[in-house]
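Residue numbers (the numbering used here), protein chains in the order written: chain U, 1 to 313; chain B, 1001 to 1255; chain F, 2001 to 2285.
Hints are computed from structural coordinates only; laboratory data are not their basis.
A quick note: this is a predicted structure, and the numbers were derived from the prediction, not measured.
Quick reminder that beta carbons are idealized off the backbone N, C-alpha and C, glycines included.
You can take every hint at face value.
Here are the in silico distance ranges between beta carbons for each label pair:
| hint | chain 1 | residue 1 | chain 2 | residue 2 | range |
| --- | --- | --- | --- | --- | --- |
| 1 | U | Leu73 | B | Gly1016 | 50 to 58 Å |
| 2 | F | Gly2113 | U | Leu102 | 29 to 37 Å |
| 3 | F | Thr2245 | B | Arg1100 | 52 to 60 Å |
| 4 | U | His304 | B | Tyr1015 | 52 to 60 Å |
| 5 | U | Ala270 | B | Pro1099 | 30 to 38 Å |
| 6 | U | Leu102 | F | Gln2244 | 53 to 61 Å |
| 7 | U | Ser7 | B | Pro1099 | 37 to 45 Å |
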Amino acid sequence: MTILRISELRMRLPGTRRPVLDGVDLTVGAGETVALVGESGSGKSLTSRTVLGLLPPGAAVEGTVAVEGEDVLAMPATRLRELRRRTVAMIFQDPRAAINPLRGIGDFLAEGRPGSQDRVRELVSAVGLEHRVLRQYPHELSGGMLQRVMIAAALMGGPTLLLCDEPTTALDVTTQAEIVALLASLRQRYGTGLLFVTHDLELAAAIADRVYVMYAGRIAETGPAGMLLSRPRHPYTAALLAATPRVLETPRPRLATIPGQPPDLRTELAGCAFAVRCPRVTPVCHSDVPEPITRGEGVVACHHSITGGESDG
Amino acid sequence: MAEPLLEVSALSKAYGSLQAVRDVSFTLAEGGSLGVVGESGSGKTTTARIVLGLEQADTGHVTVRGHDRSIRRRGRAERLRRAREVQIVFQDPFLSLDPRLSAGVVLHETLKLHFPDIDHARRIAQLLGQVGLGEREAAALPRHLSGGQRQRVAIARALAVEPSVLVLDEAVAALDVCVQAQILNLLADLREQTGTAFLFITHDLGVVSQVTDHLVVMRHGEIVERGPTARVLTEPRHAYTQLLLASVPRPAGIT
Amino acid sequence: MSAGPIVRRPVLGSLRTGRGWLYLTCLAFAVSMVVVALAAPWLAPADPNASDLGAALTGPSPSHPLGADAAGRDTLSRLITGARTSLLGPIAVVLFSTVAGVLVGVAAGWLGGWADTVLSRAGELLLAFPALLVAIMFVALYGTGLLAPVIALSLAYLPYVSRLTRNLTLSERQRPYLAAYRVQGFSNLTICLRHLIPNIAPVVLAQSSVNFGYALLDLSALSYLGLGVPPLTPGWGSMISDGQTALLQGHPLSAILPCLAIVLTVVAFNVVAEHWADRVSRRRA
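Produce the entire structure from the sequences given, and follow the hints as far as they go.
This is the structure we're talking about:
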């Protein structure tokens, strides 16, 4: 069963020449973990916020964002509140900015849900914290502990979909590893679908079943995590991987870089968004927008995708 | 080994009851590249600030080519001398430049202070060329530059002083992967061209592996492990280094 | 950023200044007041001190467009000439308090430690005295004339500026670009003058322009009490006090007009200042 189906999502912002989201297609199945990867300005956070009906001011939106079959973009305000309270929850990059510093953790978790004490205790244990944090205040907890509190708060309504917007970026490496392991175990236990938004392709591949790579408001490539990392089809995915510094026994003398910068929102795009930076570019890339093509288990939007080992590739 | 360029010996610094840095010693060879790795609260940033002279250590010494810079001294000559010993590139490209000044003006100010007698226009063009910026970027205010371009300006500003040691405090952490790769390559080139020694303060083991020869790992203000980068990253001896390495996200099925 | 908020004293501060037409009207009024003050000797139709006893306590007439006061002096000429003293005083107060306040605030914030403690406590001490009382004490000690009350009010307003500047300095100091200049070997003085002050200036200037309206009110109150304006120099405050007798005799124009001038000028300057302050705080947010 699919709990989130985004199809043909297009968003225009005032004062721009091209859509900031341009035909995004994305699905998350029940209990599935899906990662959405992109650099800053690619539209990954905008996409995840749309799922909660959070749109930037002046945005003009087309397409559908269906949660459990119901279009979020067409929901009345009361239904939307219900959705945010029960079905979809979100955790953010900076837990300290998302919590009221003057309220105790116990208060914060039980807020607006009278009689939920048992549930609060259960979830606090589930995220690996001791019950005494309920009597503590945000400033007494570390960033990693606070992020656990935020995860517990997100799970309070028993959501079927959890949106995580760079939830580990502000944390230390060792804490990040703990939070990632926690999210994986919670998914097992509660069967929550996870949409994990990040700029880190390797982290995405480590946590997710499937990965979407986004560039300039479009999905460049999607596929099973392992496949995407070992056999990237889109030149952009390949370039991202080549540019990531890794712990290696014999370091490469230089990292491979992509020339240029992502396209500006003030310029129109005729063809492929990546064309001007792409090593495999041909004239068709500048004139025609590449349609998504199924290649093996994945989908890639490229005129000259890198062929892998499969027979249909 | 020849006499080290930068020698940090037995640094300690406490803020109230919190011991931020405890007995930290390391050396950096002429033209070398040393990584200081740790998580938040490890004391790596405090160590860097002491090396820079932005903080005073409680005990211990920092010497560059035998000149002790941890003693409080006044005077313009001493200030300029210390500036030519160590320079810095900060993490946040959005906050590390004066928002009112263009790259050209920033470089001109620095050159006027340190090298009043040279042809400034030519040296500015040369510095901008070294960091890969053109005339358009030189005239633009920071808010009209991208994060990567700002970081290039900050690097050019540091190099303008012709320092012996360049401290890079998480200098690529706030950048997108592609931009980060460009800056790391640029730094590698600059090290080759200018012979400047690098002190990389970072939490990112991938970055350390890419750009440093030697490594110290810090935790709770102390150094827990040190050695050649390749050795520390492939055969970590301390449990904490092992934990750090195990925490680097690695997709299942790929090694 | 978490800069100390600009101090807006009540009533006028709550005016909504977002509306463009209000701001533009007030800006035009404030600018024209300044022009009137500058060009007063050429604009005034008559000598403000010449008494035309035949015209005493008359209403508007061709020779006295706004009438004359009990001593037969032309109200319009006195208003125009009075604009000089009434605006010059507050401008001087704003100028002195801003320059001194910025120096004190930057010194306290940049040096920290005992310098900060001494300067901040001294500022708090000054804040504890009502501005008007300090001014009256200065006038009593150093005689009438504009200088004594201007210095007194500058001192009284200095802590508002210095406290704001100190907070701005503390938060700006955290920014790495200032640390970079220290590492580059620039002296503290150069860093403060060339980088710190220009970057915090917009917020400080917004506070100072808010102070202008209050200085105008305080100085007019002093001049009403007969302090702070040399004799024979018309000021709006002293005009009100001179006009009280005329008011009782049923010819209110010579007392009401200076009141109106004070109120309108204060409102105009405040609306303009609030607008600037809002814009600055939005830009820095």
